[in-house]
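Asks: Using the supplied hints, reconstruct the complex from the two chains, each of which is provided in its own coordinate frame.
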Amino acid sequence: MKNAALYTRGVLAAIMVVLGVVILVRVLPSAPTGGMAILPGVVLGGAMIALGVHRISLIVRVRRLQ
Amino acid sequence: MPDKAKPELRRSVTPWGSFSWGYSDVGADIFVGLGLVLAAAAGASNVAFLFAGIVYVCIGLAYTELAATYPVAGGGQYFVLRGLGDIFGFVAGWAVLLDFTIDVTLFAWTCVDYSSQLLPILAASHYPWVHFLVTLGLIVGLCVLNVIGVRESTAFNGFVSALDVLSESAILCLGFLFAFRPELLVHNMQMHWPSAYELMLGISLAIISFVGLESISQAAQETQRPASIIPRTSVALILTILIFALAYSNLALGMQPWHPILDAHGHVMQFWQIFPNNQDNQGKAVALLASQVPYYGAFAAFYVPILGAILLLISSNSGVFGSSRIAYAMSSGSLLPSIFQRVHAKFRTPAISIIAFCFVAVVELIFAALPSLDPGAKNIYARFFRGESGLDFLADLYAFGAATSYSFVFIALIALRMVDPLSPRKFKIPFNIPITVRGERAEFPIIGVVGFFGIFAILIFTLFTHPIGRIAGPTWILCGLVFYLIYRARKKLPLFRSQKRDWRKQQVEILRNAGELELMDEYIANVKASDERETRART
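Chains A and B, in that order, give the protein sequences.
All the letters of the first sequence, read from the start, carry residue numbers 1 to 66 under this note's numbering.
All the letters of the second sequence, read from the start, carry residue numbers 1 to 539 under this note's numbering.
The following block holds chain B by itself, in its conformation from the complex (with noise of 0.2 angstroms):
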């Protein structure tokens, strides 16, 4: 009987596909972001920024260099599994999947939000249930699509980031030739700057701009030659967001609006200042922003509240079906049941993980909008949580999965450096010191140490300023710890340790999936060699 060949995804995704495939996941990000630092870090929300953009920059050059190396869709928890293990592979997987889950509910949340701008009785402050209920719809639309294999096309992601990528350097040239005022900034920092605590909630809001680096590694999995392409569209993808978030911030910190904006007394406010305890403006921030911009904003107005709203939704479709394809991935490696691996048989759809998954939002959904839906719950969540609303509760589970998560892939790419320094690097991160590791040579990635310190650095801001996050985070992961040591006790697999993998024949069929056949010739002359030095010690 001849074998059955494993189904593998097909290699199509163009450059431009694989950068809008990332656009299109961490684009949407500033779109939720900037209301939300504004609103925490005041006159020094573009220092948040920066801090987490340097981080996320440190962050995307290793996913860039790990994607490229080890081209699998499992994106971090795999790089985590192959460095530290199975069980920190876990939990670094575990995180993600709680970011995915996240992303289903926050985007649709802010694509609700965002909708509100044009449609007012989806406003969340005056109608709290057609706000939940509507975004209900969407999460379990998403789901229902998800099941029965309906998904937006690489073209239109395309498309959409393109438009949006245009809209927004759009926004911000002519934001900054005829708005922006740098004395205005200047006075805004030093007058406004916030306390430490503020700063440390601003710096830990802002790395949710920068989240869904997955998509890196998810687009290498289906890309051709990905060791060539990834890197350079993930330059470009890491600089063009950096670019954008901090824009943002400083514009949005140095504008004169349009049309005055005044308080409830009549006193001129500043753009910024519309953003603190008011849930409705920190959703759609974005889109005020831009219609702030002189002459261009009366345009504006009307098509960026409807072009974030749909990259949102393409966004909160991405985590449907990326927390499907985690939970696939570590099944796989057995550090999930199998269950989550079955494919439904008319659908072809990983449907079990897609519907567990999106239960899992919609428990989150529950939660960030009780207090809005219940005065009862209003009362605890202000009386417990310092009166969080539903968008900071997402937002702190978000910042702590993406932090957890980062730091174990800071971790993991310092450990794959010293234990597999015999894989081909077609990128390597700069500034490494070169060291002997068991008789190889290898490189000492300092970047990698920075980035760690400066993820972990907010992973403590996270549980310090965010009460939910504090308790919700570690819950998920201490509960998602016992689900799996249950597991594996059940399959008789080890606890603690990991399993038994012929990581080089892997690594092999990995470069030669993805077409990379100079590597892997490259990558087995290495092994060759390096068995050959280690025959000759022995002897």
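Looking at chain A on its own, in the form it has when it is part of the complex (with noise of 0.2 angstroms):
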């Protein structure tokens, strides 16, 4: 049951990850034309893979730890 909340999380951070990338890779096509106008977008998608990759290490602690 614990792992099983575990992965849940586990898939739920590399969904965050994905969802970043995405973004990031939505986004930065129009940095030509939207020059600086990106840069919320960017630290959008940048804090998305952050989130995700810190809820992941923490994951990977625990089951380290297990």
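Simulated from the structure, these hints should not be mistaken for laboratory data.
Predicted, not measured: the structure shown is a model, and the values here were computed from it.
Yeah, the Cβ is synthetic: ideal placement off N, Cα and C, and Gly gets one too.
Covered stretches of chain A, as calculated for chain B (at least 3 residues, CB under 8 angstroms):
#1 17-28
#2 33-39
#3 49-59
Simulated restraints, written as ranges between beta carbons of each label pair:
#4 302(B) / 63(A): 35 to 43 angstroms
#5 60(A) / 489(B): 54 to 62 angstroms
#6 155(B) / 60(A): 22 to 30 angstroms
#7 63(A) / 14(B): 12 to 20 angstroms
#8 521(B) / 3(A): 28 to 36 angstroms
#9 15(A) / 377(B): 46 to 54 angstroms
Replies: In structure tokens:
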């Protein structure tokens, strides 16, 4: 049960990383016309990747402790 | 006669409980802030959120370090009291108290706004008296519930937070998948860029989406092994809130609405354009955005207003509870009269504190509602305060209180690194410069300085762009200071200096109570080594 919850959280964290990448991929092509206007979108994508990776690293640490 | 042990809070909050505690407090802010910022900063709303968000990350890291090092419920006022002394501790605590009382009113107000999406009779612009009376009823109801000691359970908080995180994630994921047009976002940012004044106004309003970090330190008091748990949950909380704020603002600017939105002349409007000069829409922005997400919006239009209203009500309740707790902590530190520590004989709650600060919240509600209730007051607001609405009035004070207390917390963070280098810091903000202070090795936090300049800029923006905030905010602080000086004079306590306190002994007790026995041993060893160094230096 505990492992199932851990895996679910891991999958959610992985989805967050993927979504961050998707946002970056969608926003970055607008860079030539948008210039600095894409900055908030880039930070958003980066923050989503950072949170996803942070969650995954915590889950990996818990798995190692088990 | 045996010593009567001082009752203490039970440390039973789990990591998820700690996260949801913070989330139910800070997470509700975006429900209020989004519409206000879109109305003020138009095409630069996401930039306003980005600026405030970066400052907020610095504040969050500062609170995380301080709460993990000093896991006590006093929060900002305790850190400032310890780092800068009594009078600054009072000012920071008094500013936090202003925020908590505004919290009560603002969230009760927007709870009614969100409900009005399903019950139009609650709309503030059409039925101001109904809106006012329902908001008043909510505040009085929360006051009574807190006095008799009924609180929402941590489990309920956790359930609502989980539901909200899932719901917001779904709205944003589907919104970005089906309604987001990056070229529209860039177009809006280039064609509807606000003036410098409007951008400053937007930034000062954006900070209200990130208020409530006191909950981190309040959770620290009730979490087992807070030094280990708090940094984990805080980093997740900080990033989650930042992501939601940035995501909502980007989506709102680059959104192709599911159903065309038309203005009074039948012209097609963009989504963000429904917010300027429309107080009703500003108060329920997330619900309106959710309803415009293709397909999912049909379902979201029904449940998001309800979920938003529940989350906002919980946040309003945390204001009632938080203000009484801060007043209790300030009273324990001889910053406020002991009456605020008095516990009701039957209900065992700080009834006087709760009633006093709910009364302040009601006064704030009256000032906020006046322009819509009375045409005479509306004229006065229009003449002297640029016609600010009730929501603007509350947001003004909220931004002022937050910016003031957070500014002091950054200075306290830097000061505590210098005056208390011996306390073990299990979590430390990155990017530090090693220095030596009075023979002890310390680290100067660069992010603390960056964060201070950021939040101080927001304080200046608030004073510059909010006509009511720049009068009412400093007036609140001045009245508090007069009250503080009278109280200290009557008690024959130092007026401008601090009382003598044994911080070392207190720190050992704090760490022992928190169950951080390894850190306690490390602290005692640090103190011993420091004393030995001092003795050697003298001889």
